[in-house]
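J.: Using the sequences provided together with the hints, build the complete structure.
Residues in the sequence shown are numbered from 1 upward in steps of one, following my numbering.
Fair warning: there could be bad hints in the mix.
Said to hold, decoys possible - Below, simulated DSS-like cross-link-like pairs (lysine-lysine); rule was C-alpha separation at most 27 Å, straight line:
id: 1; residue 1: K39; residue 2: K10
id: 2; residue 1: K10; residue 2: K63
id: 3; residue 1: K55; residue 2: K38
id: 4; residue 1: K63; residue 2: K78
In case anyone wonders, no lab produced these hints; they're calculated from the structure.
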Amino acid sequence: MASTSDQELKDFFDLFFGLILDAGIQSIDDFSKLENIKKLPEVLKNAQALSDQEKDMLSRLSKLLLDTRYQAWWEDQKLPSPSKIASNLKENLSSLASKLPFTSQEEPKKDGETES
1 MASTSDQELK DFFDLFFGLI LDAGIQSIDD FSKLENIKKL PEVLKNAQAL SDQEKDMLSR
61 LSKLLLDTRY QAWWEDQKLP SPSKIASNLK ENLSSLASKL PFTSQEEPKK DGETES
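T.: Below you can see the structure in the form of structure tokens.
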């Protein structure tokens with residue numbers, strides 16, 4: 001939401017929460033009460049009474065907020081490819097195995113070689 005000024009964000013949230021408060025919904029907990037479902041048409045009625053400029057801002061910034069949230073969620077869903085996981089696992093196990101106290105640091109001898 002970097003393309004939006006701080007003042008515009010403030011105006012958006014004041015307007016958004018003002019619509020909810022004006023309908024008599026005072027807290028998030030009120031959304032869990034069935035009797036408050038009847039207040040949702042009041043929120044929509046209040047939104048219809050907004051000026052064209054307020055409606056435009058509410059629509060535009062709501063879409064931007066949802067799009068930003070969706071993009072953040074989508075980025076969290078991306079996982080590395082299985083081949084990358086296997087490669088990292090192999091490297092980490094090899095590194096760990098080489099650090100074990102009972103692991104020889106010498107190169108393994110080839111068939112037919114003798115110690116000098």
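J.: Can you name, in rising order, the numbers of the hints this structure does not satisfy?
T.: As far as the earlier hints go, not one is violated by this structure.
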